[in-house]
Structure formats: C-alpha cells, structure tokens
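Engineer: Let's have the full structure, built from the sequences with the hints guiding it.
With numbering that gives the first Met the number 0, letter number 67 in the sequence shown gets 66, and the count goes up by one each step, no holes.
Simulated from the structure, these hints should not be mistaken for lab results.
In this text, all values refer to a predicted model and were calculated from it rather than measured experimentally.
Treat the hints with caution; some may be incorrect.
Cβ-Cβ distance ranges computed for the label pairs, FRET-style [unchecked claim]: (1) Thr104 with Leu28: 56 to 66 Å; (2) Thr2 with Ala29: 35 to 45 Å; (3) Val27 with Asp110: 57 to 67 Å; (4) Gly130 with Tyr57: 26 to 36 Å; (5) Ala29 with Tyr57: 37 to 47 Å; (6) Gln68 with Leu38: 44 to 54 Å; (7) Thr31 with Tyr59: 42 to 52 Å.
We put the beta carbon where it would ideally sit given N, CA and C, even for glycine.
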Amino acid sequence: MRTTNESKIASSLSRWRTARSVVLGSIVLAGTMATSAALLYRVAGSRCGQEQAVEHSYTYSGIGAVIQQRGEHVIVRQLIPGGPAHGLIREGAVLIAVDGAAPITVEGWADALRGPAGTQVDVEVAYPCGGHETVVLERQMIRVRR
Numbered sequence: 000m001r002t003t004n005e006s007k008i009a010s011s012l013s014r015w016r017t018a019r020s021v022v023l024g025s026i027v028l029a030g031t032m033a034t035s036a037a038l039l040y041r042v043a044g045s046r047c048g049q050e051q052a053v054e055h056s057y058t059y060s061g062i063g064a065v066i067q068q069r070g071e072h073v074i075v076r077q078l079i080p081g082g083p084a085h086g087l088i089r090e091g092a093v094l095i096a097v098d099g100a101a102p103i104t105v106e107g108w109a110d111a112l113r114g115p116a117g118t119q120v121d122v123e124v125a126y127p128c129g130g131h132e133t134v135v136l137e138r139q140m141i142r143v144r145r
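Structural biologist: Here it is as structure tokens:
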C-alpha cells in the first residue's frame, strides 16, 4: 500500500502528464488549423481573382449599343465608345428594324443586333425629336468593362 506522500506525488505526476498532453494536443491542433487556413486562403484567393476578372468584363460580337425597353419601344440607351454604332447612331434612338425585321422582345432585338464579327447589319432608327434613318454597320468584337 502506498503512503500518503507517494499517493500525492503520483496524483501530481498524473495531472502534469494530462496537462502536458492537452497542451501538446492544442499546439498540434493549432498548427494544423493554421496550415489548413493558409492553404485554403491561397486556393480560394486564386479562384476569387479569376472570378473577379470574369465578373468585371466580357466580350461579344455586335454593334456596341446598350438597348432598353421603354414603353412599347426599344431604345438605344448607351453606345460603347469605339463600337461600330458610336458616332453613327445617337443615344435615345428608337429601334425600328434590324435587317428589315422588327423583333417583339428586347431579347429578340439584342439577338438581331449581335452576330459574327465582320458581318453587316442594317439598323433602322427613329429619333424622338424627328429624323429617321437606316445605318449599315459592321459587327465587331466588343469588350465591355463594368
């Protein structure tokens, strides 16, 4: 049978070993989590950068006009600088026809204005303050940056 003193020493030694195991386990766990976080940050950071680049610009082939439904009409809301329509069609122009056809929806108008780069398209427009014209444009690749 152990003496009281030996029992106290054994108990202290047992508590010390337990505490040491807990501290060492915590250090290993913290190191593992830090390494995992660093790897996750590196991997996620590279994906976010790619998504960000995609999110802020895109390209399409068309005339370089932003269109919008306004009441019964579809209008040219904005022109992309350097695009085929820039300087030939004015903002606010009402679209009348594209290659002789008048689509029903905004999506239909957008599809009609877009097409393979290098192809021609006849765009008939009317202006709110008067004037009506048909402009022949050559579609090209348009890069839009937001």
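Engineer: Decide, hint by hint, whether the structure agrees.
Structural biologist: Okay, the hints, checked on the actual structure:
1. At about 58 Å, the CB distance of Thr104 to Leu28 agrees with the hint of 56 to 66 Å.
2. The supplied range of 35 to 45 Å is met by Thr2 and Ala29, whose beta-carbon atoms lie about 40 Å from each other.
3. Between Val27 and Asp110 the beta carbons are some 60 Å apart, a value that agrees with the proposed interval 57 to 67 Å.
4. Separation of Gly130 from Tyr57 is about 32 Å and conforms to the stated range, judged on CB atoms against 26 to 36 Å.
5. Between Ala29 and Tyr57, the C-beta spacing of about 43 Å keeps the proposed range 37 to 47 Å intact.
6. Distance hint check: the CB atoms of Gln68 and Leu38 are about 48 Å apart, consistent with the given range 44 to 54 Å.
7. The hinted range of 42 to 52 Å is satisfied by Thr31 and Tyr59, whose Cβ atoms lie roughly 47 Å apart.
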